[in-house]
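Heads up: the sequence lines are chains A and B, in that order.
So the mapping is simple: my numbering equals the position in the first sequence, first residue as 1, plus 407.
So the mapping is simple: my numbering equals the position in the second sequence, first residue as 1, plus 1372.
To be clear, the hints were calculated from the coordinates, so they are not data collected in a lab.
One or more of the hints may lead you astray.
Listed below are several chain A residues computed to face chain B (Cβ distance under 8 angstroms; list not exhaustive) [to be verified]: (1) N521; (2) N523; (3) G542; (4) V543; (5) E544; (6) E562; (7) T563; (8) T564; (9) M566; (10) N580; (11) L582; (12) R586; (13) R631; (14) E633.
C-beta: ideal position from N, C-alpha, C; glycine also.
Below are the chains, spelled out letter by letter.
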Amino acid sequence: MWRRCLLTGMLVWLAATPASAFVAYVSNEKGNTVTVIDTNSWTVTKTIKVGQRPRGIEFSRDGKFVMVAVGDDDTIQVIDTKTQEIVDTLPSGPDPELFTQDAAGKTMYVANENDNTVTVIDLEKRARLGDIQVGVEPEGMTISPDGKILINTSETTNMAHFIDTTTRQIVANVLVDSRPRFAQFKRDSSELWVSSEIGGTVSIIDPVKREVTGKITFEIPGLRNEAIQPVGIGMTKDGKTAFIALGPANRVAVVDGATHKVLKYLLVGQRVWHMDFTPDEKYLMVTNGVSNDVSVIDVAAQKVIKTIQVGELPWGITIAQP
Amino acid sequence: MFRWLIGTIALSMVATGALAADPVEIHIGYLGHAGVRSTLSLIQQPADNDGIAGARLAIEDNNTTGKFLNQRFVLDDVKVKDGDDVAKVATDLAGRNDYIITDLPAEALLTVADALRDRGTVLLNAGAIDDRLREQDCRANVIHVAPTRSMLADALGQYLVWKQWKRWLLVTGSHDQDKLYADALRRAATRFGAKIVQERTFEDTGGARRTDSGVTLIQRQMPVFTQQAPAYDVLVAADESEVFANYLPYRTWDPRPVAGSAGLVPTSWDAAHDQWGAVQIQNRFVKLNMRRMTALDMQAWTAARMIGEATSRTNSGDPRKVIAFLKGKDFSIAAFKGTRLTLRDWNLQLRQPILLADGRMVVSVSPQEGFLHQVSELDTLGVDRPETKCKLQ
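Please model the complete structure; the sequences and the hints are all you need to start from.
Written out as structure tokens, the structure is:
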């Protein structure tokens, strides 16, 4: 009897915490808030008030904190994931937008749109280590899987800058199409993808040769070319499938990671910006800047299964274990 | 002797090394005209460096990019005064520069274009909005960065029609350019289905724009001038000469909004524009020039950036290659308007969205939703390919 009771109790407990329960944090650029979403029930569980113009958002490597760049307050705020409250700030340069961390979670690199620099921050000491001069309007930030090369894209210079993380010197500059906004490496380091919002393309860069080896272009029947503006990129860990947000085209392109062919277009909300996978890669969530919602994509089925209302002008998103 | 020879070789090696490291210099001329026009509103009075300040910012931006490509951009600006031989000034400037950005009236621009035609110098027109420069008087060596009157009028017309303000009372000034603007507005009304219910002319009888008791008089004049009009939704004013339009808002006999040369104004740029990353350039501009950015500043910035963009894409200091790229199908430029800007190949006019601003805020951006086009929605603004009178030569 007692045993049965315990068993039932355990079953109930197991059912209540299914394996797919993750937490998504969405930055709302106009609302000055971060929306917290439970990915089991797909419901909003909390709205956190943050500083002005929150955009870039990412979990710390240990999962204990969420960091959000609040550009108009010239800082990065740190949210404790347990209490879901702001506990600290980081000394970024003026107008931080996007940032990236090294694998150990010790160093952070921040793109400061206003003064053509990338700021280096020691995350443990929460202190500024220095600045790197880059092109006009730095934006996209990513780090190579081996941690040796930092990539920054500059929107008006139209380049991907390759920065040696040891010397903090620029070692190469690769010209891409207009207004490069986001950069992502394949996990096996074989390719670097850079989206160009105004150019309307995604450049495939060979990270060894440091040159553009291919370009992904998009064509959507009935839609004028100028409306196709690639921004956020999401790639599965195996590198086989990529998703590219196309901004005011209101679609996410599904791209074959090997052949770079567009497989299909998924209709989402208005002005789709950025995206993140659930850690099990079952779902991909994308932010829709103008329609104030987030679309949930079933990765295997390549279908939009849900739309969740968030705050005003959602921009960035990050997902991790609760 | 032998030692001397070695010395010479070593010296020449050093010299070659230095040459290889020297950046490619790209010289851009800026030809403006002296004397600023007087505006009704004191806060709209253009600065002395209106336009050139935008080109200077673009040179800084080009040089930030240029340091990664070993390219250096240099600006050389000259102003012509009334009575100067503009062709001679332009020829001198062309001797020192690969390209010339111009802010000149239509007639002077044509004189310069024809004077420099055989040298192959390309002009980038940042200042003149006259349609004729892109139509019957178009030139193969002039790229137009400034929007045309018809593009501005169409941008306004689309919005007013979208707003269902379709009955217009058109008030035109008595100067030539006012009449040209009125022509463009009439054309817009016809294209987009608005109706001009009545036209009035405001005669410029002279008089100062600054007086000590001006408001009292204007407050009596403007209601009287606008009374007894047929039913209308919006007063559209064509007053490029700055004689009356800015006196109209809040003073019309009937309580109606004002648009055109005052009230809701179509423009290529506004200091309040903050969408699509524009805050970045607004901040950079204020930091460099200690004032806010005007439409002319933006047009000059775009012109100098177009040269920078084409120079980095071609990785060349050869103006022929750069111009071929600018005129080719792969050229586009990002200019904080939410879409790429490209050149109309039939008359070298830059396609661009037009802002509608009221002096404090950007109210809307045209083309408006629903105005469709088979090539580019930006071609719903201004004179389109099938109607063009331009034969480039």
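Hints violated by the structure (numbers, ascending) | Every hint satisfied by this model.
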